[in-house]
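Novice: Could you slot chains Y and S with the ligands onto chain X? The hints should help.
Order-wise, the sequence lines are chains X, Y and S.
Per the working numbering, the first sequence starts with residue 1, numbered consecutively.
Per the working numbering, the second sequence starts with residue 1, numbered consecutively.
Per the working numbering, the third sequence starts with residue 1, numbered consecutively.
One or more hints might be untrue.
Claimed, not checked - Straight-line distance between alpha carbons at most 27 Å, and here's what the computed DSSO-like set of lysine-lysine pairs gives:
id, chain 1, residue 1, chain 2, residue 2
1, X, 724, X, 443
2, X, 539, X, 565
3, X, 275, X, 312
4, S, 11, Y, 8
5, X, 275, X, 244
6, X, 443, X, 769
7, S, 55, Y, 8
8, Y, 85, S, 55
9, Y, 39, S, 55
10, X, 571, X, 588
11, S, 144, X, 435
12, X, 450, X, 769
13, X, 724, S, 11
14, X, 779, X, 435
15, S, 55, X, 14
16, X, 724, X, 454
17, X, 779, X, 769
Unchecked claim - Selected chain Y positions facing chain S (in silico; Cβ < 8 Å):
id, residue
18, 4
19, 40
20, 42
21, 43
22, 48
23, 52
24, 55
25, 100
26, 101
27, 167
28, 182
29, 241
For the record, the hints were derived by calculation from the structure and aren't laboratory data.
A virtual CB, placed ideally from N, CA and C, is assigned to each residue, including glycine.
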Amino acid sequence: MPRDDGIGASVRRKEDFRFVTGRGTYTDDINRYGQTYAAFARSPYAHARIDGIDTAAAQAVAGVVAVFTGDDLAAAGVNGLPCGWQIHSKNGEPMAEPGHPPLAQGKARYVGDAVAVVIAETRAAAKAGAEALEIAYTPLAAVASIRAAKAAGAAVFDDIPSNNCYDWELGDRADIDAAIAAAPQTVTLSLVNNRLVPNAMEPRSAIGDYDTATGEHTLFTTSQNPHVIRLLMGAFVLGIPEHKLRVVAPDVGGGFGSKIFHYAEEAVVTWAAAKIRRPVKWTSDRSEAFLTDAHGRDHETTVTLAMDNDGKFLALKVITDANMGAYLSTFAPCVPTYLYATLLAGQYTTPKIFAGVNAWFTNTCPVDAYRGAGRPEATYVVERIVEEAARHLNIDPAELRRRNFISPDAFPYQTPVALEYDSGNYAGTLALATKAIDYDGFKARQAASKAAGKLRGIGFSAYIEACGIAPSAVVGSLGARAGLYESGAVRVHPTGSVTFYTGSHSHGQGHETTFAQVIAERLGVSVENVDVVHGDTSKVQFGMGTYGSRSLAVGGSALSKALDKVEAKAKKIAAHLMEASDADVEFKDGVFTVAGTDKSVAFGDVALTAYVPHNFPHDELEPGLEEQAFYDPKNFTYPAGCHICEVEIDPDTGVIEIANFVAADDFGNIVNPMIVEGQVHGGIAQGVGQALMEGCVYGEDGQLVTGSYMDYCLPRADNLPNFKVSTQVTPCPHNPLGVKGCGEAGAIAAPAAVMNAVTDALRSVGVTKPIDMPATPSKVWAALNGA
Amino acid sequence: MYAFTYHKAESVADAAAKVASADDGVLMAGGMTLLPTMKQRLAQPSDVVDLGGVASLAGISVTAETVSIGAMTTHDAVANSAEVKQAIPALASLASSIGDPMVRNRGTIGGSIANNDPAADYPGAVLGLGATVVTDKRSIPGDDFFQGMFETALEPGEIIQRIDFPIPKKAAYVKFPNPASRYAIVGVMAAETASGVRVAVTGAGPCAFRETAMETALAGNFSPSALDGVTVSPDGLNADIHASAVYRAHLIGVMAKRAVAACG
Amino acid sequence: MATVSMTINGKQVTGDVEGRTLLVDFLREDQRLTGTHVGCDTSQCGACTVHVDGKAVKSCTMLALQADGAAVTTIEGLADGDVLHPMQEAFREHHGLQCGFCTPGMIMSATALAARNAAPTEADVRHHLEGNLCRCTGYHNIVKAVMAGARAMQA
Ligand SMILES: Cc1cc2nc3c(=O)[nH]c(=O)nc-3n(C[C@H](O)[C@H](O)[C@H](O)COP(=O)(O)OP(=O)(O)OC[C@H]3O[C@@H](n4cnc5c(N)ncnc54)[C@H](O)[C@@H]3O)c2cc1C
Ligand code: FES
Ligand code: FES
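Looking at chain X on its own, in the form it has when it is part of the complex (with noise of 0.2 Å):
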């Protein structure tokens, strides 16, 4: 009998119990004795000269502790944001990397860059500091789009004044466009994916503290990667050692990429609180949030591709250029580049594909990795492509995707954008989802809302992804400054329950759940009995965090080898205990027993006699039960399916309804399905926002016109539907639990299917210039009415 708390099962969430009685603890619920506050002084332009800054009206506001400057962060020796990839341009010559102060010395480059910062008894006092800073700016000309920056005139950076970051590229142009150029059918499209604002429902929040006792520096943070910013602001900003410096991300409110990054209140707040010898909180505005919080997306592409008169792919050339912003986010140079290009192959065959993407310096908020980071933006465009190909050459969506899908006995499959897939059925999710669609049944309901005046219209959107990120190699050779492994250590108390020590991090994934499954599953006891330790550098030995759909892929490889040194090693214990030989005892549902024997003894026993060891072979073993592991990952895993959308769209307004939504994915094994379940919630309502609602716009001069949500459209529970979702299995080969990972597949799939369906439904009476996302209601009534 499986257990009910074991792989597989559903098990409600052990972390729920403190959030519905609002019992978590996130940063900001987090105070600490003598507490001070910070606000941050912003620039209010996008390109601006700091003439000076005249700190003595701020410092006379009644409560004012300290106010700091870029000069005196630099003064004190403080560096520049890190950036943790590099990337070569196709003449070999490295990226341009700007350095990036955390406080703007000399020029602010974008509307919400930290210009100073004032430390105060209290939160009102800090801001009305805030406000009273002198800053004497001398405004410059603004870089506030991609166009901008290829356009000759104003630079970001005074030493880069061309604007462009690299000039990168993957694939012989030559021989593609060649392959082009011969093909019998080619269709190309023109593509904007939008950019996004995250909003993690939790703001961002820091809490510097610092022991004058022990010299022991303390940051309280919303991260999704403690270690990672412990690294990042330690060793490379201010300087202090790994043993000095604790970094805690409890309960956090939600991520998304946007919580991956070091920011700069992170250095700040904790350099403050050593200088002032006081604890100093900032917690961000939602309006701060807008304006500062990574934002994600903002591509724009031409695509083009060649087949053959029976639509077989043979060619796909794509040209993007990204906005990186006004300075380099953490992980921004490999989101246009590793982690887009190598996903053009999509579900498909296609022989020979060139992507060439130029990034760009804006005076704009830095843009970074957001769920899925680069894989949204290249399912985006092979989808959108493909759509518009079966509609070129009039074959069924379905039938043209099929013609061209890797075939399940293809894996190991190379492709021509360096990865190499380990396994996969695309026709097995594309039939999942078409059935329950109903597609067979569209055509009727097409004119049953023909018939009551709207317009109908499906869309597919076939995608894969790269996801368990990843092997340290692959990724150190294309650029990483860091290794992408997992640490785990299972620690087996005296009585038999186990915490578990994870450098992964959840911010809503519910490891907490999932990974005592893992561990119920194999040592037999109940979850109650295991509790999961994660988000602080002083209890967990290291990590690289959660993003990248890693958690179980990389982090549960790490928690299943640990698993089998425990096991190795209490199979000693339960050997020496039965007086039989290790190679005989077997474990199973928490017994050890000894091959043809009746001797069994149970895993408590066996934790038990590790703590007590009165008769124990010390000569063989040391007492305890614990172990630590790290997981390196052979390859990174291949999450794929099939989304469909269903639109009906009222073309006497433009709106838009999702009349219906289906998602058949593949994530290999599955831990707790109603977790993966509501993942793929989430990251489907955030792919329609994309699709439909969200879009972050910044005015000429650079000014953020979508700065609260008046304006930056989030989607609400009457904006979206139930969601029909269902999995296929087919498990990585060669991580040890066969997973593949499930945090990002919504938000890559949806807006391609979205946007499909919408195309068609305009279609349907005759529009076929495409709109971009997203297809907001009046966007939709301008194509409708050729305006």
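Specialist: Leaving out everything else, chains Y and S with the ligands in the frame of chain X:
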């Protein structure tokens, strides 16, 4: 927020006196507009006078001809009032389309029309139903009340006590919400009243206005098809990232037809 | 500074506040009831939802002094010791939360709906949650949870 002194008014006269004696006093009703504005540090009153304790300002009374709604009556109270639903269902439905449940539990009709946000819903009702705004000083016909963006006929310190809505023969309000904020991009109140047809538009211009061409077209034939030939000029209409003036002009036509259809 | 008194989760409390002190700050900073969250500064996200005299309100858009004399219920006041309120239980049972940040506001908003509508439909729930933003769940399971929780509250 900047610091200010908080006062709780005992009565309308007390509120008026407190505002008058302050350097830069402001009335607060539900606070659903005032507090967000102050939180953004866009307003810095010296004194805030809370009308929340003035019981006489809240409440709904209905006669054969008129629905009177006290200034401090919340959107939720209007939306769920059996009497309002019976007498002017369009008004209850308009109130139920404002903001969200929490906003409706605090926001008031007096605050809404005193504020006169170009995208607010209630101005559409005041104008579209030919209501009268009764203050502590006088009665102001709805047609004269809204004077421009965030501008009304109210004098400094003048306090709205209630709004009297004549009960129409039929009326309906249809709103096209801003996808992000959910305020009105275009809201149209169409009504057949004792004094003739009224069509009021909110959201589209600097403040609510009547669409007289539509009123004329509907006067002889109160049906959606009567509006077929009526075009709305985009001149002077609002434009923003959510809707151009041309789109708003088009939406006025669509919402007006839907409102007339909804009148039954 | 002025003195404010109110009942919070059945307990009488008194505190000194400024005119500008928001109810949410009084709850979080003075009373250390940090279950009520702040997710925005434009009164739109609903993470701060509490009940004041039985009505759901955004505690970020109300002064502490406006709640003088009122009965306030926060997320901390719903459970009976460690026994969850039916709506809390429904959120757990139906996986109506991921990061948990929006959850207190969602639950307080949901119980207000249930008080008025014992058996809300999916459309009722989606409409009612207009003022509560969630970035994690796509609302799918929140809607299920609220429907189930409302029914369980009648039992
Ligand atoms: C999230 C959110 C969504 C919203 N959505 C909508 C929407 O969709 N449609 C819509 O129409 N509105 C919307 N609103 C605004 C809401 O309806 C407000 O309640 C309303 O605009 C102001 O009412 P109030 O009672 O809160 O007034 P307050 O904010 O207290 O006051 C507003 C102004 O009116 C003055 N005032 C108040 N009462 C009086 C009086 N009796 N006499 C004279 N002056 C007075 C005040 O001095 C102040 O200047 C929304 C608000 C929020 C926070
Ligand atoms: S904190 Fe967002 S509505 Fe109150
Ligand atoms: S659960 Fe994270 S915002 Fe709702």
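Novice: Decide, hint by hint, whether the structure agrees.
Specialist: Hint by hint, here is what the structure shows:
no.: 1; hint: 724(X) - 443(X); result: holds, 20 Å
no.: 2; hint: 539(X) - 565(X); result: holds, 20 Å
no.: 3; hint: 275(X) - 312(X); result: violated, 65 Å
no.: 4; hint: 11(S) - 8(Y); result: holds, 24 Å
no.: 5; hint: 275(X) - 244(X); result: holds, 15 Å
no.: 6; hint: 443(X) - 769(X); result: holds, 22 Å
no.: 7; hint: 55(S) - 8(Y); result: holds, 21 Å
no.: 8; hint: 85(Y) - 55(S); result: holds, 21 Å
no.: 9; hint: 39(Y) - 55(S); result: holds, 23 Å
no.: 10; hint: 571(X) - 588(X); result: holds, 11 Å
no.: 11; hint: 144(S) - 435(X); result: holds, 24 Å
no.: 12; hint: 450(X) - 769(X); result: holds, 21 Å
no.: 13; hint: 724(X) - 11(S); result: violated, 45 Å
no.: 14; hint: 779(X) - 435(X); result: violated, 32 Å
no.: 15; hint: 55(S) - 14(X); result: violated, 31 Å
no.: 16; hint: 724(X) - 454(X); result: holds, 23 Å
no.: 17; hint: 779(X) - 769(X); result: holds, 12 Å
no.: 18; hint: 4; result: holds, 5 Å
no.: 19; hint: 40; result: holds, 7 Å
no.: 20; hint: 42; result: violated, 11 Å
no.: 21; hint: 43; result: violated, 12 Å
no.: 22; hint: 48; result: holds, 7 Å
no.: 23; hint: 52; result: holds, 6 Å
no.: 24; hint: 55; result: violated, 14 Å
no.: 25; hint: 100; result: holds, 3 Å
no.: 26; hint: 101; result: holds, 6 Å
no.: 27; hint: 167; result: violated, 27 Å
no.: 28; hint: 182; result: holds, 7 Å
no.: 29; hint: 241; result: violated, 17 Å
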